[in-house]
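A.B. asks: Residues per chain, in single letters:
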Amino acid sequence: MLELEKIALYHGATPLLNGLDITLKVGEFSTVIGENGCGKSTLLRCIAGLHSHYSGRVALNERELSGWNTKTLATQRAFVNQHNQVQFAFLTEEVLQLGRMNQKETLAQSTELICQVAEQLSIGHLFGRDVRTLSGGERQRVFIAKALVQLLPNAKTAKYECAFEGKLLLLDEPTSALDFRFQKAMMDVIKSYCQQGLSVMCVSHDMNLVLPYANQVILLANGRCLAQGQVCEVINEQNLQQCFGVTPTLIPQANSVPFITH
Amino acid sequence: MHSKASAVNLLLSLNARRQRHLRGFVFGSILAGVILLVGMQSGSFEQSAGMLADVILQKVHQQTLSQEQYLQWYVFSELRAPRMLMAMFIGALLAMSGCAMQGLVRNPLADPGLIGISGGAAAAAATALALINHFPELEAGGQYLIAFSAFIGALLAVWIVLIVARTPAGMAISSLILAGVAVNALAGTHIGAISYMANDDALRQITYWTMGSLGGVTWSKVLFVGALSVPIIALYMHLCQPLNLFALGENEAQCMGLEVNKYKRFILWLVAFSVALATALCGIIGFVGLVVPHIARTLFGADHKYLMPACGLLGAILMLAADTASRALFPPLEIPIGIVTSAVGAPFFLYLLAKQKRGGAIA
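Chains A and B supply the protein sequences, listed in that same order. Under this note's numbering, read the first sequence as residues 1 to 262, first letter to last. Under this note's numbering, read the second sequence as residues 1001 to 1363, first letter to last.
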């Protein structure tokens, strides 16, 4: 559903991304891993349409990004930034309602969908609160909820079991501000949406948290793709050493991916 | 099942908020009516509501008016009614421009004057005033020349600011503000040079113009502004949702399907056009665009769907009150309305800054 061909992006003469070829299938959870400044967030921003001066091809559902109507595209692809700042005293529910602005539906219909997502992410109690007064983790959950609300099909098709087929969620460090409980809860919720067809590309430094959920791992180094594939193919000492410049210790675990530590 | 119950609760609270805001709009309209009534009776010429009602009734029934009644009718219909209507239009335009500007730059301390609109208008108006003083033959169409020059000067200033702030990736808000500061400084220098060279008459007129005034408003001007205000206000209402998205940040707005650069340009030109129109006809009236959005945000929240019309209504009310105060405070002297709005607005602005410094969030 997502195809990236020879994506390159330069800042002056410095390559930020250097010939990336990536494919993401329907319902797949892909995690992008790499050291600071290797181009992870830049890659997400290219797919989110926030960088326009890259070369190469980014296609969503076999159509290049530039060929999409911007409002239709917003119902197919959502992006969650690592840091989200809201100016002015917007309430939690007002931010979530903005996620439904490209849908033709009644207030009652959009409210029902919003509450459904709010319940999954445990943010229902934040309704009526000024978003600026929320903690970093609460605000992060609100913005992830807004992105999910943005991708939710309208009430008529919402109950269809593959309602998210062809939709893409881009997450930049989605759990960086979340506590121990919500880190796992958030990943479980996102994975449950993947089972309904949602494709996810997630940048994260917390490998032990995201790898058990990932169908695909992309290892980036200096804007290049070092390795790409399933967790068992990509996550090994040699690749991680090449990626981060330090030798990690991989502790095998029964029925799960290895635990990575220093 | 739990999410169904919370959906019902949320819907009820959203409806309750809507009802509360609607009540606020009704109360605001009544308040505007009361100030209109007070305003009609205020000023150097005393006029009571009862006497005025008699005169209006007689006029409606086409009865002959006595000399005193005719004077009453004249003051009401030719002097006070047009200027009060003009005050409402200008107040609404300035406040809605301020609201759009603050939403666009995501800063509650922003004002339309920030991008050089008022500076450009004042520089051009000062030039026109000096020219009229130097060439008496221009005096016949003098007020039109001043208004036209101010209008063009305002738009020219914004055009320069937009050209400078343009980057390959779109328009940078920080460059926009800095370019606005530079254009304002340039306009200040220009006004300073003209004032230095102007004679006493011209200097007095320039000073008076920069204080803003609703004196000399005629029905033709009111109709002109009214005819332009209707589509402008409609366009501002159309911008509510895009401004809500801008509040989440430009990246967020773009990912939500908003054509950010197109809307930025559109909002800036709309703000420029409406403030240029107001400034051209009434001179510089400061702080309305800055203060009203704050009051409106405190009363109606941050959602532009309610905030924008609230700004229009409160702007109209504030200008009506300022106009009434300008005539009623020291009769027969009329204080320029810009002085009244600044006298109220500047301390309020300082209060906002002090509040922010103490770590409190600005609404």
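There's no promise every hint is true.
Some, not all, of what chain B presents toward chain A, calculated at C-beta under 10 angstroms [stated by the list, open to error]:
(1) A1005
(2) V1008
(3) R1017
(4) N1107
(5) A1198
Since the hints were made in silico from the structure, they are not lab data. The beta carbon of each residue, even a glycine, is placed where N, CA and C say it ideally should be.
A.B. asks: For every hint, state whether the structure bears it out.
C.D. replies: Against the structure, the hints:
1. A1005: Result: holds, 9 angstroms to nearest chain A Cβ.
2. V1008: 9 angstroms, holds
3. R1017: 9 angstroms, holds
4. N1107: 7 angstroms, holds
5. A1198: This interface hint is violated because 43 angstroms lies over the 10 angstroms limit.
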